[in-house]
Amino acid sequence: MKRLKMTSFSIRFPWIIMILSLVVVVLFGAQFPKVSFDNDPENMLAEDEYIRVFHNEVKARYNLYDFVIVGIVNEQHEDGIFNVATLGKIDDLTRELISLHQNAEGKPAVIRNGQPYAPALESESGWERGLAKVFGNDVNRLFTDDGSSAIISPEIISPSVVDNIKQADAGQLAIEYLMEEAPTTREEALVIKRDAMNNPLYKDTLVSADGKAIALYIPITEKTYSYNVANLIENLTADWDDADKIYITGQPVAQDTFGVEMLVQMATSAPLAGLAIFLLLLFFFRRFSLIIAPMLVAVISVVATMGLLIGLGYDVHIMSSMIAIFLMPISVADSVHILSEFFDSYHKFRNKAETIKHVVSHLFRPMLYTTLTTIAGFASLATTPIPPVKIFGLHVAFGVGLAWLLTMTFVPAYIMLFVRKKTLDQLKPVEQSDHHGLLGKTLGGLGKVSYKRWKLTLALTMAVLAVSIIGISKIKVNDNPVKWFTQSHRIREADRVMNSHFGGTYTAYLTLKPELIQTLTCAERVEMMRNAAIVRFDETLPDASATFLALLDETNTKFQTLENADIERCFVDLVGMAKGLDEQVSGAWNELGDEINYLEPEGLTYAKLTAAINGKGDEASRKTFAQRMAAFQSLEGADLQNQALDIIDEYAALSFEDFLFEARADAGAPTFKRPEMLAYVDRLQAFLSEVPNIGKSSSALDALKKANFELNYNSAESEDRNDAFYGIPPTPSAVSQVFTQLEGMKKKDSLFHMITKDYNEVNIWIQLKSGDNTDMVEVVEEIEDWMAENPPPTELNVGWAGLTYLNVVWQDKMVAGMMNALLSSFVVVLIMMMVLFRSFLFGLLAMIPLTVTITFIYGLIGWIGKDYDMPVAVLSSLTLGLSVDFAIHFLERSRELAKEHGSWKDAIWHMFQEPAMAISRNAIIISIGFTPLLFAPLVPYKTVGFFLATIMAVSWIATLFILSALITGLQKWLFKNKETTNSH
Amino acid sequence: MKKLITVLAAVAIASSVYAEMSVDEIVKKANEASYYAGNDGSAEVEMKIIDKSGSSRTREFTLLRMNVEGGNQKFYVYFKKPADLYKQVFLVWKETAEGKDDSRWMWLPALNLKRSIAPGDKRTSFVGSDFVYEDVSGRNLKEDKHELIETTDTQYVIKNTPVDPGSVEFSYYTVKIDKDTFLPRHAEYFDKNGKHYRTVEATKVETIQGYPTVTESVVSDLNTGGSTVNTFKNIKYDIGLKENIFTERFLRRPPREVTR
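Residue numbers (our numbering), protein chains in the order written: chain A, 55 to 1038; chain B, 70 to 329.
Bound conformation, chain B alone (with noise of 0.2 angstroms):
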């Protein structure tokens, strides 16, 4: 009898944990648990580009991220593959504040060309993928009204319509999220005829420095019959990154980190 009241407690408690849990808490968390692990981080990507007809194009490349202040972050992207990209470079600082637009640079070796982008639409193809900058960085929690439609026994279901309708191309998205890892793990795009058109998911998860990590992601877009593939191999986690390689300086110059 004992044990079956214990049970239950525990049954209670753990129900109330998740009962307790606000919408804004899950999606803070899960915002953390895709997007923050770890004070830094690196990881080696091969993105596959599949089109329609099955053919694809495959793009490899190394990406730094260190969480800076008040949650904004900074990325490095260098570029191994193909050939004719070798040591391509983007750099973005992702801004989490208020007002404040992310800044972005490429670097262009074969052109000897360093280049600030003005921030523009982060929902753009991210170098030709399927993947939008949105996708790669994280999509501002402030920009989405989030609501809890389904709790499931492993996983929260989250409708997220944006605050200003007018800034992007879908009406609302809908997200999995992992009860256990926080992780979102698959996510649907509706259209402003409310169609599904767009989806992206975590196909593979495995726990590296005890984060749950994304090991593979894909995104399909189902008007156009294209997906593309993100496999992540080499994934460290706090590393030591020192700021300063966050800078123009090293567009041209790129970081130990990235080739060695």
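The shape of chain A in the complex, shown without the other chains (with noise of 0.2 angstroms):
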């Protein structure tokens, strides 16, 4: 028989297939030093996909760098966080920080008490520091390939080192750092606490409005280097007393723990799975030497697997240390039913060869098709959009497919050279006792049931069916790396206490944009100039205000006629004729003042001042000045000099050309520097501070806005008008002159975190509190659905980064990427059955089960409320592959058992012996053999771990009862072509 030829040539050359199974994993094993490791959620997405390029556009335009993010929270000091004690600690850390260099021997060391500090960074823990060796996980990994620091020291924020902008002594304005030192008095403490709290930018995100928390925030130049920068950092703070509390959060540092302790789990989750299996094997076949097998061809497929993804060059990400898991239960699967198969037949032939022969010819095409299933339903996530998804499946796939060619091998070879004859004749009246014990007694029992009560099972799986229907309209797709850990996680806990001192610690990004950058022509910039022009000088200077106007007209036909009028041209011919004018207008009074201004104040008397300006400007301005001057003739000095500007001033600020200069800066000031958009943006973030997933938004306008009230204020003024000034300043112009300060601050170009250079373009950093995807999504909505009703006056587009909405995206992706991916390979795999059972309806019974199974499962995380999140979307597939097994032998034995026996009636009893039994122990192999994963830290593991030991069982039912019930009911259909047959 042509199936049997690999089979027969395992048996006859056994050692041919051990030598190449060797082979196998010595090279494939070869791969795996060079093991990289990839625990980025960003990369669920390619590196092409517009929203990553658009994510990487917006870090590099407003130079945003991942954050790890230092809580230091203190609960017991009544200052709180503010006390001299603690202020002095996080001055200590950041200098530290800053000065994270490599020391002579290339370790990370700091500068402590103005002494060279190389902290001991390797864990305590003898496993913990192997696992890192193994794993190539260097902790003092802090320094990029040119020597430089990870961390990104000017731009950290942290009190020493962020601006303030404040009253100084004499109504001088400071400019300085927060904390310019760290404090020695309580006094000084509040003053750090009252110039926070004071500062729009910093309250809620820097210090939390209860005064208990500080964050810092630490860039780093790259994500990876967050779980070695945040191990420093809790090297560093060590020695904190217990009033300080340390949490260290952020996306970066979530994921990147998240990868060290997945290779933690790799480690130890994988080799535990497979020891309970094998524990549950040796509990059914009673011989270590028996079960070795299928346990050699679970390791060398998963080594085989793993090496092939390493060797291909790809990383280890989340999904992929997944595949050893996935692949254990699956390889196993298949050597179990050739075990069983061989058990029960063995004393029929009392050769091993033979009964191999035997069995093999039995199962090839169940196997074949049980297999080509499996790799239909793992290749089909190649046709999800997320790069890792498709790894991981097509890699399982590559994975099955070894592990039955290895059955069809390794397991008759194995079995010829290694277990021998004596064993066999040995074992088998146990074998028999037990296959009339507890399992077979009861599955007898239970084929009874689901034949005389086929209705009510029915019934059942509908009743079934269609809670889990309900079940399912009730999923919420939702992920957040940080909930990847228990609750009871150091993370978790981090994210918990954080989220609940400060505006959140997840980041998304809002950057808006005009449509279009408008260039105003030449007539819409006259027409501009004319409106100002009317209202500033129509009353004061009606003369002068008709000549300029008439000035303006002619300039906008001449170059109305022109097409491409170059506007700095028709600028530049303005400007020469309103100097004409001031000159008529005011050149007398500038004359005057001009000349009052050189005077030395040091004892200036009126009469020098008129005697000063004797034959200066003009007859009438001198006649004025002198009328105006009456009251103030015994001033002297400075004072003198003062009053007489001050009256100038009021003929001679009226001034044509300045006029222009500012309705040239007015038309051509760029999209956020015109306050009718500075204004929209204010709005919206006053939107933003009501949207309840938001816990704080902040923009170049709050640094604006603080900046105009500290530059303005003046003690001597009242309250009231001093808060005026807390806003956006009246034109262009004046919002750009508030805004050059910023950008001379200390801590150089922050502001343009928050603004493009170009000042057309702003980003609002947004903070949640919480990262899960939905609440990203509820932000992204409400916020589109203020904007519609409230469109800003100059068309923007908006554009969201940040790690919390990339998760959305990934999402989407992944939902509508499983989706077809279940249904495509869905169609295959019945497809499959049919041309395996040759057989419509057979084929249509063969997917009864894992539909059941598919809805029952997804049902059951609607009800509980468990977030769809990328286990769960990936465990469809392993449903498909797996239910379908089941379904496949039970289907296969049914009939050829009905065709034995005549009638399913008499077969059913043999179905629920020997074929039930093999189905069983594997559902309770693969179930139970996952249980180790519920104890993981992780919760994808758990999620993994529980529902496998939940489609298994739920498969299982599925199989043995639904689909015996269903036989029961349709025999007359399934069986009719049989009978016709034996009949003749």
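These are calculated hints, taken from the structure and not from any lab test.
Some hints here could point you the wrong way.
Unchecked claim - No more than 20 angstroms apart at the CA atoms, straight line, and that leaves these computed lysine to aspartate or glutamate pairs for EDC-like:
no., chain 1, residue 1, chain 2, residue 2
1, A, Lys612, A, Glu578
2, A, Lys800, B, Asp171
3, B, Lys245, B, Glu285
4, B, Lys183, A, Asp700
5, B, Lys261, A, Glu578
6, B, Lys183, A, Asp712
7, A, Lys802, B, Glu203
8, B, Lys305, B, Asp171
Join the two chains into one complex using the hints; note that each chain is given alone, in its own frame.
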């Protein structure tokens, strides 16, 4: 027989198979040292995915970095975090982090108390050190290739190095760091608190509103340094007393920590699962020498698959780290079928080779098909748009294929070589009794029920399906990398604490840019100037104003005839004319003013002043001036001079030239120097503050308003007058002049994290208290709705970036992608089944257990409120692959037995003997085998463990009972042909 | 033979002149050459701030400087461009005496606002450029310890280490000073980890009214990848500025020296 060729060869030349298997293990195993890991959820999206490209563009445009967030909380001190000791420690820590460098030995060192200090960063636990070594995770890796620090020191956000603009003594304005020096007295500490709380950029971001916590934001060059940076910080703060608690959080840390712990899981969970499977096999088959074969099949498949993945240069991602866990049950399953059958049939042949041939010829077709369907299920993941899932699916498919090949060759070869005949002879009676043991009896009884009560069974099934479908409608698609950790994990704890004190540790960036950057034509500018000029000059200087308007109109006509008129040129012409007009209107006054301005104030009297201006200006202006000065002739020195200049300014201030310059600045102002656009951002932020999931939003506008207030603050004036300046300056030029002050702060360019250097685009930093995708999606929708209802003065293009938003995008893709993959593989498997059974009806029947299982599982997920996240999504393909296997075996044997015994009624009793036994063993082995996963500290592993067990249990029930019941109901049609054939 | 002796003697004298010059004298002369030429002076400056991506912003201002008693100086900076900074003014009184702080004022015309600024850190950015205030007005010689670390054919190389390391962001900086003009040509700043992170260069030098003068200087920030280029035009020395134009009164009503 053709199908036996491979197996016969293996029986004849078992050593060749053994050697070949060894070669495979060595070859693929040799790839392992090249392993590299990737735990960045960003990579769920392809590199060239639009949103990723955009996210990186935003990061580059605004110089944004990924942060490690260090929370320091003091609940004990009466002043909270703002006490001398804690602030001192924060200052020291900041300076130590800034000073991070490589010492002569190439180890990380900081400057502590003026001395280099190299902290011992390696774990004290030998096990962790060993793991770190194996996985190439070096905690001392804190430097880029050129040896510079992974921490971007100039961008650290800490009280010691963030700008503060405030009122200093004698009406001066001070621009300094929030905490120039660590405070030495309570008063100094409280000044820092007051300053921080008064800065909208810092309250709820840098310092908590309750004054109990400070968050340092440590920017890093690459996300992959975050675990090591967190480790460094933990080390540097190890000697802090209990009053000051340290919490390290932020998405990069969560992701990187996950990666590190994922390795631990890979090194523990998978072997533990293997061990559990092994023990169960031992329980069922009682002979160590026999069950070692399926274990070896699993190990070889896993090693080869991981070796292939690594050898092909793929990173081990969160998904691919689970390959071992997915592959193990599948690869064991086939060999368990063979073993099961082998046991049951051995006594008939009393010859290993003959028994194997019998078993394989018997199981070849169902096993080939179960393998092909499993491959189809996983390979369909290649159609998803998510690279790590694609790679995962294809590699598992490869592993499944390999496991099949090994089952057909390696298992027989193994039996031939290592299972002694004697063992088998002894074993048989034990096995025989087991057949009629508890499991066997239970199965037999259940078989009767599903035959006699098939209608009830089907009715129950329908009810379960109905309930499940309602459950599915309740499914919430959601993921949050921080929730990959269990509740009690320190990352989750830090997340809870930090988000209770601050505006939120989850970051999204809302960027706004004009749809079109307006460039006004010459005519439009003239029109704007015309209107402004009327307001400014019409009442005060009616004659000159008329002349000026005439000039504007003239210019307008001149340039309107030209297409693409040079705007600068139209301006230069006007300035020349305006100068002339100024000379006529206020030239005399300016001459007087200039003369007075240059006078030496010392010893200046009114007489000296009049003497100085004699002959300057014109008769009329001097006369008016003298009249206006009449009351001030007794003044002397600088007072006299200032009074004189104030009077002159009233006449000289109305300059057409200045007006033109202003008008030019206003007309050419970039989008976000225009007060009406800034006012829009202000309204938007006011709205953001009301969105429930948003803890805080920060923008350049917050900095602008604060700076405008401080610049204009005058202690001699009323509070109302001062408070009125807490807002947007009135003109683009005024906005610009305030922004220029912010450009020249101590921490250079920090303004440009929130606005582009051309002031045409802004970036609003949104802090969310939750990283759940559903919350992010809600925020996006609310903002879109608001903007649709409140259109901006200039049409704006809205763009989202930030890790929290990126997660949403890949989630959307994943859900749609998984749905497609599931549907397409369902169709493929259905066709395969019809071909396999050469029957439409049998083909459909084969799909029933998996349909019931998938429906039930996702219904369950919906009902218990578990989020549909990545591991859950991937489970659908596993279910498809495993459930259909049971069905294939069951149907294949049913058909055979029905044929053999003439009717389904007689066959079903036999069905619930050996075939049901094999299926049950498999189900039990796999579901119990994965219970160790339930104890993993990482939620995705727990999820997989729990659902694997559930899937097995449900598939088992669905196959044995629902299929039996269905066959019973449909036997007339199912076995009609057979009966006719038999009667011939 | 006689000729040879003369040449040798000349060389000996010349080299002894260089050899005898102490490091303090070198830095003093360099300071005078770069910041104190003439009694006063004016220049038009174009400041081009270039970022990593190559896009740039340009500012134009007129700079007036006057030397007053005791090595003190007064500066008046009057902005002409961009349009929205037109007429903005900075006024600085630089104090060199120990324990005395500089005084600074600014005038923001669009806000009709005159503000005195507390004497803070002189190493903050000058109007958002890569230059710091100290680059514009000069760093007090007493704030650093100076060492002559190398003498080449044409230059002295001086290493400057701050007396109070906590007051500045660098750990030291080196300056190459031209022997002939005493103009500092190339300065490199090193951070606390010993990494070179900032360069200030005098890229063009011309002699104006007998004074060797830097007409183009460039600062590069190696951390950010940004740089700023200052181009000086219409440089004039000894123009007879009156000291009273460096007063608050001239903030609102700028002197003719800058408006013309």
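Verification of the hints:
| no. | hint | verdict |
| --- | --- | --- |
| 1 | Lys612(A) with Glu578(A) | 14 angstroms, holds |
| 2 | Lys800(A) with Asp171(B) | 17 angstroms, holds |
| 3 | Lys245(B) with Glu285(B) | 16 angstroms, holds |
| 4 | Lys183(B) with Asp700(A) | 15 angstroms, holds |
| 5 | Lys261(B) with Glu578(A) | 54 angstroms, violated |
| 6 | Lys183(B) with Asp712(A) | 18 angstroms, holds |
| 7 | Lys802(A) with Glu203(B) | 15 angstroms, holds |
| 8 | Lys305(B) with Asp171(B) | 25 angstroms, violated |
In terms of the numbered hints stated before, the structure departs from hints 5 and 8, listed from lowest to highest.
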